[in-house]
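Enquirer: Turn these sequences into a full structure, and let the hints guide you.
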Amino acid sequence: MRTVVSGGWVIDGAGGEGPGTVVIDRDRIESVVFGKSEPSRVDARVIDGTGLVVAPGLIDMHSHDDVAATDARIYEAKIRQGVTTSLIGLDGVGYAPVDSSWQRALTTYWTPVDGDPAGFVSPDLRTYGQGFKGHLGLNVVLAVPFGNLRLRHGGWGLFPLKPDALAGLVADVEEGLDAGAYGLTTGLGYVPQLAADRLELQTVAAPLASRSKIYASHIRNYGMEIMPAIDEALDLGRQLGIHVHLSHLHLSHPGMFGRAQELVQYLDQQRRAGLHISFDVYPYSAGSSILHSYLPAWLLDGGPDAALERLGNPKVVERLQTDPEILGYDWHQVVITRTRTGNHVGRSVAEAANERKMTPSKFMADILIQEQLEVGCVVHQTLEADDVVLAEDEGAVVGSDGIGYGQRPHPRYYGAFAAFYDRHVNQRRTMTMQAALAKMSTRSAEIVGLRDRGRLQAGAAADLFVFDPKRYQAQSTYETPRQCARGVEYVLVNGALVLDRGHFFSDLRPGRVLSIL
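Heads up, the sequence shown is in the numbering used here, so the first residue is 669 and it goes up one at a time.
Treat each hint with caution, since some may be false.
[As the list claims (entries may be wrong)] Calculated pairs, DSSO-like style, for lysine-lysine (alpha carbon to alpha carbon, straight line, at most 30 Å): (1) Lys-801 x Lys-830; (2) Lys-704 x Lys-1138; (3) Lys-983 x Lys-1025.
By construction, these hints were calculated from the structure, which means they are not laboratory data.
Just so we're clear, the structure is a prediction, and the values are computed from it rather than from any experiment.
Expert: Given below as structure tokens:
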């Protein structure tokens, strides 16, 4: 049976825009016709797009949907924004490849971000992707996560890898890329990835060049040392001739506030010099993470079990209380969003510590032990004016970096795309509708290499959403985050109508693992 979307304002992602009709045959677009309506067909379901916009399905360039894409209670929030594809395995971490010897430690460290993998875990990416069949509510694109491979070949230790370990790691990168991963991701602020030096990164990223795949990095520093951290990533682009994508680019230190224009000018200069550079942003001045990621590296050396043991040692806590990384942070800005017990949710670290008459470091040691590291947080850290400058740069695309878990998660999981559109198209009026949708879909597809997504054209995959441009807005807030966006009427994933006049079909699983070969 065909589906016909008629009477709407079609934006095809390739420059075409106007009244038109989109005809879908099973999981593919059969035709897109501008300027006239297709004749009605007895074998078609007709969707009336009058007063609505018909656009390519959105692509979340930086998601943590590694498990969430299988859980309708969570990914509904993405569907209701028009998201049909999520990239997973970001920040150098994923649930494949995973070896049984360190699976428990990995999930202890990352469950508050990526969810409990349950059965969705595998020793290799190819088998991992196959295991998703029949379980996905939206499409996912796999990455090779550097952190997993470093655990496989070097454990949790903070030391340079030896040549034989590096050789094994490179072989695993090649295997993952050949299995259809879109590129290599790193999270250089996290243990054990932060121990990798430039030579190691250059070695493991080398296979990207011959396969025309990208290097996506959570860089080492988003604060006062952001420029050297960016240059470390760009150097790989220069040396290897690869596309460099900077994850969730932002300026998180007050000493850098107001310098976003300087940053985008530098990136533009590097593009003119021949580098391929892009980055993703989200329209919020707060980030979200796990509380133990703010501990100094020496405390996390050896992994979660070693960290928990150290946190229970009074001498270690005493040392922690004098550590410059702890003393130099404003803990009023770090708000707890998730704990196992539900305790302290909605309180800042400073506030909760003061109530218990503790220093922030002593409080963190106590809560991390009590909750077995399962503590999520929202961190208020950027200047909105800087975020706007970055978002409007030609290199920017949209990634939610959203975490759908916890008692009070960051609102970006429920509203990043709608909020981005509303801010730049309706409120600021600094982007056209077409330009905003390109940053949320078409440009991301081009960066990743998704040739049949991000555009409405004959032969393309039938991923699209139909929305009211005046009502398309985020409803989620920091205080009440679990509110889905409004204004999206219809969403099709691979031709399956998963949102119909606002009704969400939670039992449908039309998503696929999209391979980049």
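Enquirer: Does each hint hold? Answer for all of them.
Expert: A quick look at each hint next to the structure:
Between Lys-801 and Lys-830, the direct Cα distance comes to roughly 38 Å. Violation of the 30 Å bound is thereby established for this hinted pair. For the proposed pair Lys-704 and Lys-1138, the alpha carbon gap of about 24 Å is at most 30 Å, so the pair holds. As the CA atoms of Lys-983 and Lys-1025 are separated by approximately 19 Å, the hinted pair is consistent with the 30 Å bound.
Consistency with the previously given hints fails for number 1 only.
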